[in-house]
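Q: Next come the chains, spelled out residue by residue.
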Amino acid sequence: MTEIVPGASFTEDGIADGEAALPRTQRRMAPIVPAQNVAGRALISVIAIMTFLSCLTLGAVTLVRDTAAVWESQISREATIQIKPAEGLDMEAALEKAAEVASGFPGITGARIVDREATARLLEPWLGAGLNIDELPVPRLVIVTINEAYPPNFGRLRAAIAAEVPQATLDDHRTWVDRLVTMARTTVTIGIAALALMLTATVLSVVFATRGAMAGNGHIIEVLHFVGAEARFIAKEFRRHFLSTGMKGAAAGGIAAIVVFVVVSFWSARNLATPEADQATALFGNFAIGASGYAGVALIVLLVGVLTAATSHMTVVAYLTDIETRQTD
Amino acid sequence: MIRFENVGLRYGMGAEILRDLSFEIPARSFQFLSGPSGAGKTSLLRLLFLSLKPTRGLISVFGKDRSRISRRELPYIRRRIGVVFQDFRLLDHMTTYENVALPLRVRGRDEASYKNDVTELLKWVGLGERMHVLPPVLSGGEKQRAAIARALIEQPEILLADEPTGNVDPPLARRLLRLFIELNRLGTAVVIATHDLGLMEQVDARRMILSGGRLDIYD
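Line by line, the protein sequences are chains A and B.
With my numbering, letter number 78 in the first sequence gets 78, and the count goes up by one each step, no holes.
With my numbering, letter number 55 in the second sequence gets 55, and the count goes up by one each step, no holes.
Read the hints as simulated data drawn from the structure, not as lab findings.
One or more of the hints may lead you astray.
List of simulated lysine to any residue pairs, SDA-like, C-alpha gap at most 25 Å [said to hold, decoys possible]:
1. B:K53 x A:A318
2. B:K53 x A:G218
3. B:K64 x A:E324
4. B:K53 x B:R10
5. A:K236 x B:S70
6. B:K64 x A:T325
7. B:K64 x B:D20
8. A:K236 x B:D92
9. A:K236 x B:H93
10. B:K53 x A:L307
11. A:K248 x A:V38
12. A:K236 x B:G108
13. B:K53 x A:V317
14. A:K248 x A:A295
15. B:K53 x A:E230
16. A:K236 x B:K115
17. B:K53 x B:R66
18. B:K53 x A:F233
19. B:K53 x A:T325
20. A:K248 x A:D322
21. B:K53 x A:E324
22. B:K53 x A:D322
23. B:K64 x A:R232
24. B:K53 x A:A295
25. B:K53 x A:L136
26. A:K236 x A:V46
27. B:K115 x A:A318
28. B:K115 x A:P34
29. B:K64 x A:D322
30. A:K236 x B:E73
31. A:K84 x A:S45
32. B:K115 x A:L136
33. A:K236 x B:D20
34. A:K236 x B:E142
35. A:K236 x B:I77
36. B:K53 x A:R232
37. A:K236 x B:I69
38. B:K115 x B:E142
Whole structure, please, built from the sequences with the hints as guidance.
A: Following this line, the structure appears as structure tokens:
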């Protein structure tokens, strides 16, 4: 304006001031989208809480999935040959024979006979100490270790053992493993369903909370629009603001969830020797969610941040379209 | 500069509130737009400012047919039209200076390139000392002048002002009027919507009177 109003001033009318008081220090320009207000802070809280809950659910699902995989592999690592006593059977020779047949079979890494003392110890809770195992027709066991990468053909192994030792039966724990696998898969499926619901709830609450926070900014969008701002400029300003808001909330929730995992993991490690912790460890491993769990947390944080920004972007675009097309209604 | 041919406007299914408006706003012209309350002054200003589309008729702005202006082009045309809203529409979280600089800022200009212009303009409208104050602290008259300064900062070819003296006392209204006249003298076409007869009597200018949806022009 300086060029077009050279020296023009309304001093003669009494409007114009004398010397303008300039600020002593240059302040930064206020952001186009105002910093936090009540709705903005509420949005951060909602995002933080929902992210925290989502991350906890994700951690729990990761934990159950890992534990289920461990159960499955530990059980399927071994099989048992059981030899029932029979008239005229030389039990020791039969055990040796069965172990020999099994260990020579492809896919088997070793066979170990459960000796008389160990068998006696196994039966001790029921039959008491000082048991003479020869006085009773007690079945004996050979534990076969399986190569997990190349498991044997259990049908052929069963046939081979039965051919040499008719009293022997092979238990590959299939029934037990199948049950466990089914249970583990069911648990993981339920967990994933819970995670899906949790993420859906997070998405919806983030979307609605963002729209709520945006509602108070309608007049800003309108003013920017009327002073000639391009739609993409307005959208960019809001997107940037809400991406930062979303990331703040999501990071707070994600960090809180990680702290919970670390504390629980630390607690379970410290109490490793106690019966309660042993029980928990037997069920859930050592409570560590592992790298994939932490990557999942980071992914959720990122997703929530992007979602917040995308929602604000879409709200701005919808608002501008409304202003443009708001016709004589 | 802006030309209306048989323009009509209705809201929804209601009756036409503007009927068969045909007029032109020439460059460097000065006119008052008047009429009783509810006559459609603000609606006509919104048509001039391209924030409403006519129900019928032809509007051409800077030689372009309104109906052929795309949404992408609209911001560039708006920058050639300055608007002073009746309710000012200043952003409360920005200082007077920042509000006035907003049209330049949204164009992506660097502050250093317009700082002096904004400061000069604020002094020109008498807000030099209120530059770093937030709008809630400003008086009605000061807000009015800040809104005028914001409309002028881009040196628009036409200035539309909706009741610019509605919130100020008569002496200040006279000063604001002189400001508009000075601006017009410097080459900007001015349209002032007002129902203040006293204000109109002070200047011998074109009068556009809206009544019953029709427009009468007294040159």
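Q: Does each hint fit the structure? Answer for all of them.
A: Hints versus structure:
Taking the CA atoms of K53 (chain B) and A318 (chain A), the gap is near 18 Å; set against the 25 Å cutoff, the hint holds. A threshold of 25 Å between alpha carbons decides the hint, and for K53 (chain B) with G218 (chain A) the separation of about 21 Å falls inside it, so the pair holds. Distance check on the hinted pair: K64 (chain B) and E324 (chain A) sit about 18 Å apart at the alpha-carbon level, within 25 Å; holds. The straight-line distance between the Cα atoms of K53 (chain B) and R10 (chain B) is roughly 10 Å, inside the 25 Å bound, and the hint therefore holds.
Simply put, K236 (chain A) and S70 (chain B) have alpha-carbon atoms about 20 Å apart, close enough for the 25 Å limit, and the pair holds. Note on K64 (chain B) and T325 (chain A): the hinted pairing holds, with a Cα-Cα distance of about 19 Å set against a maximum of 25 Å. Restraint check: the Cα-Cα separation between K64 (chain B) and D20 (chain B) comes to about 20 Å, which is no more than 25 Å; the hinted pair holds. Proximity of K236 (chain A) to D92 (chain B) is assessed by CA-CA distance (about 21 Å); at most 25 Å being required, the pair is judged to hold.
For the suggested pair K236 (chain A) and H93 (chain B), the alpha carbons sit about 19 Å apart, so the restraint of at most 25 Å is met. Of the supplied pair hints, the one linking K53 (chain B) and L307 (chain A) is violated, its CA atoms being roughly 34 Å apart against a limit of 25 Å. For the suggested pair K248 (chain A) and V38 (chain A), the alpha carbons sit about 15 Å apart, so the restraint of at most 25 Å is met. Simply put, K236 (chain A) and G108 (chain B) have alpha-carbon atoms about 12 Å apart, close enough for the 25 Å limit, and the pair holds.
A distance of roughly 19 Å separates the Cα atoms of K53 (chain B) and V317 (chain A); the hinted pair therefore holds under the 25 Å criterion. With a C-alpha separation of about 18 Å, the suggested pairing of K248 (chain A) with A295 (chain A) holds against the 25 Å cut-off. Note on K53 (chain B) and E230 (chain A): the hinted pairing holds, with a Cα-Cα distance of about 19 Å set against a maximum of 25 Å. Distance check on the hinted pair: K236 (chain A) and K115 (chain B) sit about 24 Å apart at the alpha-carbon level, within 25 Å; holds.
Straight-line distance between C-alpha atoms of K53 (chain B) and R66 (chain B) comes to about 8 Å, which keeps the hinted pair within the 25 Å bound. The suggested pairing of K53 (chain B) with F233 (chain A) holds, with an alpha-carbon distance near 24 Å, which does not exceed 25 Å. Restraint check for K53 (chain B) and T325 (chain A): the C-alpha separation of about 8 Å stays at or below 25 Å, so the hint holds. Proximity of K248 (chain A) to D322 (chain A) is assessed by CA-CA distance (about 30 Å); at most 25 Å being required, the pair is judged violated.
A threshold of 25 Å between alpha carbons decides the hint, and for K53 (chain B) with E324 (chain A) the separation of about 9 Å falls inside it, so the pair holds. Note on K53 (chain B) and D322 (chain A): the hinted pairing holds, with a Cα-Cα distance of about 13 Å set against a maximum of 25 Å. For the hint pairing K64 (chain B) with R232 (chain A), the CA-to-CA distance comes to about 23 Å; that is within 25 Å, so the pair holds. Between K53 (chain B) and A295 (chain A), the direct Cα distance comes to roughly 52 Å. Violation of the 25 Å bound is thereby established for this hinted pair.
For the given pair, K53 (chain B) sits about 103 Å from L136 (chain A) by alpha-carbon distance, which is inconsistent with the 25 Å threshold. Between K236 (chain A) and V46 (chain A), the direct Cα distance comes to roughly 23 Å. Compliance with the 25 Å bound is thereby established for this hinted pair. Taking the CA atoms of K115 (chain B) and A318 (chain A), the gap is near 33 Å; set against the 25 Å cutoff, the hint is violated. Between K115 (chain B) and P34 (chain A) the CA atoms are separated by roughly 21 Å; this keeps the pair inside 25 Å, and the hint holds.
Note on K64 (chain B) and D322 (chain A): the hinted pairing holds, with a Cα-Cα distance of about 23 Å set against a maximum of 25 Å. For the suggested pair K236 (chain A) and E73 (chain B), the alpha carbons sit about 18 Å apart, so the restraint of at most 25 Å is met. Using a Cα cut-off of 25 Å, the hinted pair K84 (chain A) and S45 (chain A) is violated, with the two alpha carbons roughly 66 Å apart. For the hint linking K115 (chain B) to L136 (chain A), the alpha-carbon distance of about 104 Å lies beyond 25 Å, and the restraint is violated.
As the CA atoms of K236 (chain A) and D20 (chain B) are separated by approximately 41 Å, the hinted pair breaks the 25 Å bound. A hinted pair counts as satisfied when its Cα atoms are at most 25 Å apart, and K236 (chain A) with E142 (chain B) does not qualify at roughly 31 Å. With a C-alpha separation of about 21 Å, the suggested pairing of K236 (chain A) with I77 (chain B) holds against the 25 Å cut-off. Distance check on the hinted pair: K53 (chain B) and R232 (chain A) sit about 22 Å apart at the alpha-carbon level, within 25 Å; holds.
Distance check on the hinted pair: K236 (chain A) and I69 (chain B) sit about 23 Å apart at the alpha-carbon level, within 25 Å; holds. The hinted pair formed by K115 (chain B) and E142 (chain B) meets the criterion: a straight-line CA distance of about 20 Å does not exceed 25 Å.
Figure legend: structure checked against the earlier numbered hints; hints not met, in rising order: 10, 20, 24, 25, 27, 31, 32, 33, 34.
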